[in-house]
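Engineer: Going down the list, the protein sequences come from chains A, B, C and D. Going by the numbering used here, the first sequence opens with residue 1, and the numbers climb by one from there. Going by the numbering used here, the second sequence opens with residue 1001, and the numbers climb by one from there. Going by the numbering used here, the third sequence opens with residue 2001, and the numbers climb by one from there. Going by the numbering used here, the fourth sequence opens with residue 3001, and the numbers climb by one from there.
Derived from the structure by calculation, the hints contain no laboratory data. Be a bit skeptical, because a hint or two may be false.
Derived SDA-like pairs (lysine to any residue); straight-line CA-CA distance at most 20 Å [what the hints assert, rightly or not]: (1) D:K3076 x A:W101; (2) B:K1222 x C:T2005; (3) D:K3076 x A:Y177; (4) D:K3154 x D:T3096; (5) B:K1322 x B:N1342; (6) D:K3076 x A:N194; (7) A:K300 x C:P2095; (8) A:K3 x D:T3027; (9) A:K3 x A:Y177.
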Amino acid sequence: MRKKIQLGVLLLLAVVLVLLPKVSPFFIVFVATEILILGLFATSFNLMFGYCGLLSFGHGAFFGTGAYVAGLLLQHLQWDFIWVLAVAPLAAAVGATLIGWLCVRLNEVYFSMLTLAFGMMVFAIAHQWRSVTGGSDGLAGFPLTEVGIGLDIVLANPFHFYYLTLLIVALSLAAIYLLTISPFGLILRAMRENTERVAFAGIPANRYRLYGFILSGLFSGLAGALFATFSRVAVPEMSHWTQSAEPILMTILGGSQYFFGPLAGAAVFLGLKTLITSYTSEWMIYLGVILLGMVLFLPKGIFGLLERWLGGRT
Amino acid sequence: MLRKLLVMAVVAFMAIGFSLDAQAEGTVKIGAIYLLSGAFSTYGQFAKNGIELAADEINSSGGILGKKIEFVLEDSTGKANVGIQAARKLVYQENVDLLMGLDSSGVAKGLVPVVPELKKPFIITHAASPDVTGSLCNKYVFRISLNIAQNTKAAALIAKELGVKKWTTIGPDYDFGHQSWEFFGNYLKELDPEVVLSADPSFPKFKAEDFTPFINKVISDKPEGVFISLWGGDLINFIRQANNLGFFKQNFKVLMSLGAATEVLTALGDQMPEGIWVGTRYWFAANDTPTNNNFVAAYKKRFGDYPSYNSQGAYAAVYAYKTAIEKAKSFEPDKIIAALENLTVDTPSGELLIRAEDHQAVVNGNWGITKADKNYPIRILDPIRIFPGKDITPTPQESGCNMQ
Amino acid sequence: MNLMTAFVAALLNSFDIGILLFIIASGLTIVFGVLGILNFAHGALYMAGAYFLLTLMGTVGMPFWVGVLIAPLGVALLAVLIERFLLRRIYHRHPSFGLLLTFALLLIIDDAVRLIWGSGYHIVEPPQLLRGAASLFGVTYPLYSFFTIGMGILIGIAVWLIFHRTRIGKTVRAAALDPEMAQAVGINVPIVLTVVFGFGAWLAALGGALAAPMRTLGPAMGDTIIIESFIVVVIGGLGSFPGALFGALILGGIHGFGGRWLAEWNIVLPYIGMALVLLWRPEGLMGRR
Amino acid sequence: MTMPFLEVANVTKAFGHFVALRRISLTVREGRTTALIGPNGAGKTTFYNLLSGRLQPSEGTVHFCGRPVSGQPPHKINKMGISRSFQITNIFSELTVLENVLVALIAHLNLGLRFWRIVNRDKKLAARGMEVLERLGLGPLASSRAGTLSYGDKRLLELAIVLATEPKLVLLDEPTAGMTPEETHAVIRLLRSLAAEGKYTFLITEHDMNVVFGLADHIFVFHHGELLAEGTCEEIRAHPEVRAAYLGEEVD
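Please take these sequences and the hints and turn them into a complete structure.
Structural biologist: See the structure below:
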C-alpha cells in the first residue's frame, strides 16, 4: 500500500514538473530550475549525512569546483555543454578524493570541522588566484555553447535549460537512489549506526566512506556545473561555508532520513526565500522565525510529516 | 495540530504569493537591486532613501509622461548569482520596465552580461569595476556613478601635485583593492615616471577588523605617500586603530579614495583626522546648484542626515530615466536606451554626460581635505577639489568597450 | 622599525586578538561541553553585547565602566529566555537540530539588531582613562588593548576558579558528565543547563562589550567572530576551557604574525591551522578523547 | 597441519604506565573450543582487542595460520578468518534483522562495490542470509527491525553477524551475559552443536563458570594481565593458584 502511494506521489510529481513551464508564470521556471539544481546538491550531500552519518560542512568545495571548471571550460575552450557536464563533476570528484582521503578518518563534529577547513581552502584558492579564477569577482560573461551530440537545445532559453536540468537531475537522483539500495548503500547505512562494527565484519570502513564521499562530491560538482551555467557566473562564494550550509539546512528541513527529503527541503527553502524577499528586505528575520518553527515542530522534517499524513510509518 | 496548521499556512502563503501579480496601469515600474541585508546593508538603505525621494518628488509633480513611478527592491546579498536571479524576478515576475542598482563589483560583473537577455535598460549607480562599461559593456547597461578608473585618476592627479615619489597602498584583499592600486599606480606613473611604487603593498583581508599589523608595517616601511582604498566598516576600524598608533602623524601623505563617504564620517565624528586628502563619488557641499541644494535640503528633512553618495547615485538614476523617457517620449526599452545615449542629466553631483560609446557617465570626481567645522557634526571637506569628468574619464578606446 | 620591534608588535597584536577571542570562545566551549550544542548564534550574542553597550552609553548615558558590566547581563537574560523556551525542546534530538535552531536564531538576532539600531556604522569611545597609546619595548600600542588583555586574563582565572574551586563549578561539571546521575543525586539539571547557557552568552556579550571601543559596530558584525570562535574551540579541544585559551592564542598568533608577514595567505591560514590540528590530534590540543 | 592455528607470542600491552597485558604467550588449536577466564580487569577484553585489530600490541606478535595478525586493521583480520562479537550488544538497530546479516555477507562475499545491484532483490544473497538466521532460530524475525528484538535475540543476532562472515576462529566476548537461565542453556546447546560441525573454532570469555565448563575443551586463566594457568577443565578446577585467585569466590 505504502509503495503504491509513494509511486503515485512520484508520478504526480513527475507530471507536475514536466507540465510546469506550460502552466506556471514564467519566473517560476527559474525558481524551479534553481530548486532542482540545489535539490541535487542537497541530495548528494545527504548521501554522506543521511546515509553515512557524516555531516560535511565543506561540500561547497565540490559545488564550487564544478562551477569553476564549467566556467573555465566555457570561457576558454567553448566545449559542447555535454562534455562540460561530464568533466566538471570529474574534477570535483578528484577534489573529493584528495579532501575525503584526509577527512573520512574523523567522526562527528571533527569531520564537520575538517571539511569546513578544506572547503574554506578551496574558497581561498578561488578568491586569491586572480589570474585563473578571476579573484573575488569570479568568472562572468562566459558564452553558453551548444549542448552537443546533435541535440537542438539552446542553453540561454530558460525552458530548454529547465528541461535539460530536469532530465539531468532526474537521472542523477535515479543513480543516487540506486546507490542507496545497492549493497554499497546498505553498508553506508550500517556505517551510519556503527562504523566499527562494519569494520569488524570485514569492510574497510574508511575506504567505503571515501567512496561515498567521492560519489557525493561528484554529484555536488555536477550540481555546481549546472548552477554556474544557470547563474552565468562562477564566484568564490559558491565554495564558501555559507554555501555549504545551504544543503545542510535544506536536508534537515526536508528530512534527512528520506531520499526525497533534501529535494523537498530545497523546494521549501528556496520557495520561501523567493517569496519573502518580494515582500520585505527584512527577509532574514522571517526566514529565521519560520526555520525556528520548523525545527521545533517538525522533528523529522517536512517529509516526515507528509509521510505521516499519507499514513506511512508511525 | 499545530504542525498541520504551520505547514498549511506555509503552503497557502506560497500559493497565494506566487499568483499575486498586481500590475497597476499607468505606472512605470522600476526594479532596484541593492545590498539590503548583512554587513553592508547600510548601502542598500541609502539607495532606497534616494529612490524613495526621487520617486515621491516626481510623482507629486505629475510623474513621467503622466505615469507614476512605482519601485520594487530586491536584495543582492552581495552574491552574483543571487543578484542575477533577483533581476530575472524583477523583469519576469514583477514586470518592471527599468532596472537599476548594484553595489558590489562582483555582482555587477556577473549580472551585466545577462542583462541583454532581460531586454530592459539597467543603470548602475554604485559598483565601480571598470569592466562593466569596459570589456563587458553592452547595449542595455549604463553607469552614472564614478568608477575606479575615474576616481584613481583624480587621486593620481593629487598625488602628482603633492610631489612625493615613494608610494604604497593599504587596500582590501579583493579585486576592488587590487584594481584600485593598479589603476592608481599606472596613472601616477604616466604623470610622473620617477614615482616608485611599493613592491610589497598591504592588502589586509576584507572585513579584517584588526589592521594593526598593516599599520605597523607601513609605518616601518617609511613611504612618502599612502593610497588607501579601504571603505565602510573596514575604513572606520582602520582609522581608529591608525589614530591610536600615530599613523596620521607620520611623515607621509595619505590619500583615501573613499574617505569622504558620509557613513564613515558620521560614525567617526571627531575621530576622523584632519588634513587628509579624501575622495568620494559625491559630496553634498560640492555643488552650489539648485538641483543639489534642493536634494540636500529634502534629504535632510526626510531622513535627518546629509545624503550619502549612494543615495545621490540612486536619486540621480531615477532622474536620468525620467529625462531619457521624456526625451524619447516613449516607454519602449529600445527608445529609452537610445535616449540615454549622449544624454546630459542634471544631478546633485553636477551635470553628467552619458557617453554613447561605452555608456559610462562622464561624471565629476570629488576630493578634498578633511577639516573640523563646528557647524557640522562631521568632518567636512575644505578645500573641495572637483575634477571635471572629462579630465578623469578614460576614453572609450582606453576603456576597452566594444559595443556590438 | 627593526625586526625586533616588529616582532614585539606582532606579539602584542597576537595577544590583543587572541585574548578577546578567548573570552568569546570560552563561552562557546563551555556551552558545548555542558549542553552539547554548538551555538551558531554565539556571534550574534557577541554583537548584541556591543550594541547594548552602545545604547547604555549613548541613549541612557551610562559611563563605560557601568555599561560594560550591565550590557552582558542583559544579553545573558535574553539567552536564559532562549534556553528556557527554545533550546530546551531539542536536547534529545540529533545535534544537527541544535545547529539549525541556533542558525535560525542567528538570522533573527542579526536582523533584529539591524531593525532596532539601523544598518549604519557606529563606534563606542573608550573611557578617558584608556585613550591613547603606551610604549612597550619600543612599540607603541593602544592603551585599551593592554586593558583588554588584562581583563581577559582576569576573566580566565575567575572562570577557572569558579569551575574548579566552587560548589557551583562541581555541580555544573557533574551535570555535564552524567546528567541522569546528577539528577539522581539531587542536582536540578535543567536549571544548571539554563544557567550555563546564560553564562556562555554572558561571555560572548562581554567580549562584544569589550571589543566595542576597538571595533566598528555594524550589521552582522558577529558573523566573522563565530567562525573564528569555532576554529579556536576546535584547535583547543571542544569543551575544554584551557583549550579555548590555547586555541585563541594560536589563532591570535596566526593573525598577528600572519597579518604582518603572510598577508595574502591570511584568509586561509586559520583554516590550515585548524586542519593540521584536526589531522594530528582530532580531539584538539587540550581535549580529551 | 604443522602450522599453529592461533599463536600469541610474548604479547605486552601498555597504556602509558599501566600494563594491561604482560608477556602473554599461548596457542589456540583448531577445532578445540577454548575459554578465556579471569576476574574483571584481568585483561580479557584487551586481549580480544589485540586479536581483532582494535588495538595493537606494545610488544610481541600474534599469528593466525602462520600470517601476522598484529599490525593489521580489523577488516583485514576479519578477512583472514577471525571474527568477534562484543560484550555490549553491537548490532545495527535501524536495519532489519536480515539486513544485519546481509551487511556481514556483503563484506564476506566482497559485494560492497556492486553499485548496480539491488540488495533487496538479490534472492541468492537473501537465501544465504536466511540460512544463517534459521540456524540460530531467528528466521521468523528476519524482517523485523533489529532494535525491536528482545535482549536474548539481539545477542543471537550479534552471533549471526559474526558467523555470516564464515570465520575459522570465532571470538565470543561473554555471549550469555545478561541472559535468562533458559536462554543461556539454549546458547550453550547452540554453540556446542556449531562446534560439532567442525567449521568454527570458538574462543570464549565468560564469567559464568557453568557455561565455561559446559563448553570448553581447554581453558586459559588470566590474572592481573598475566597468563596464570592453562589446561583442561579438570586441570583448571584443580589448579591451586587459580582456586586461590579466582575460582574460590565464584564456584564454591
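Engineer: All hints are to be evaluated individually against the structure, with a verdict given for each.
Structural biologist: Evaluated hints:
At roughly 19 Å between alpha-carbon atoms, K3076 of chain D and W101 of chain A fall within 20 Å of each other, so this suggested pair holds. Between K1222 of chain B and T2005 of chain C, the direct Cα distance comes to roughly 15 Å. Compliance with the 20 Å bound is thereby established for this hinted pair. This hinted pair does not check out: K3076 of chain D and Y177 of chain A have alpha carbons roughly 30 Å apart, beyond 20 Å. Between K3154 of chain D and T3096 of chain D the CA atoms are separated by roughly 12 Å; this keeps the pair inside 20 Å, and the hint holds.
Simply put, K1322 of chain B and N1342 of chain B have alpha-carbon atoms about 15 Å apart, close enough for the 20 Å limit, and the pair holds. This hinted pair checks out: K3076 of chain D and N194 of chain A have alpha carbons roughly 18 Å apart, not beyond 20 Å. As the CA atoms of K300 of chain A and P2095 of chain C are separated by approximately 13 Å, the hinted pair is consistent with the 20 Å bound. A C-alpha spacing of about 55 Å is found between K3 of chain A and T3027 of chain D, which places the hinted pair above 20 Å, so the restraint is violated.
The straight-line distance between the Cα atoms of K3 of chain A and Y177 of chain A is roughly 15 Å, inside the 20 Å bound, and the hint therefore holds.
Of the numbered hints given earlier, the model fails hints 3, 8; all others are met.
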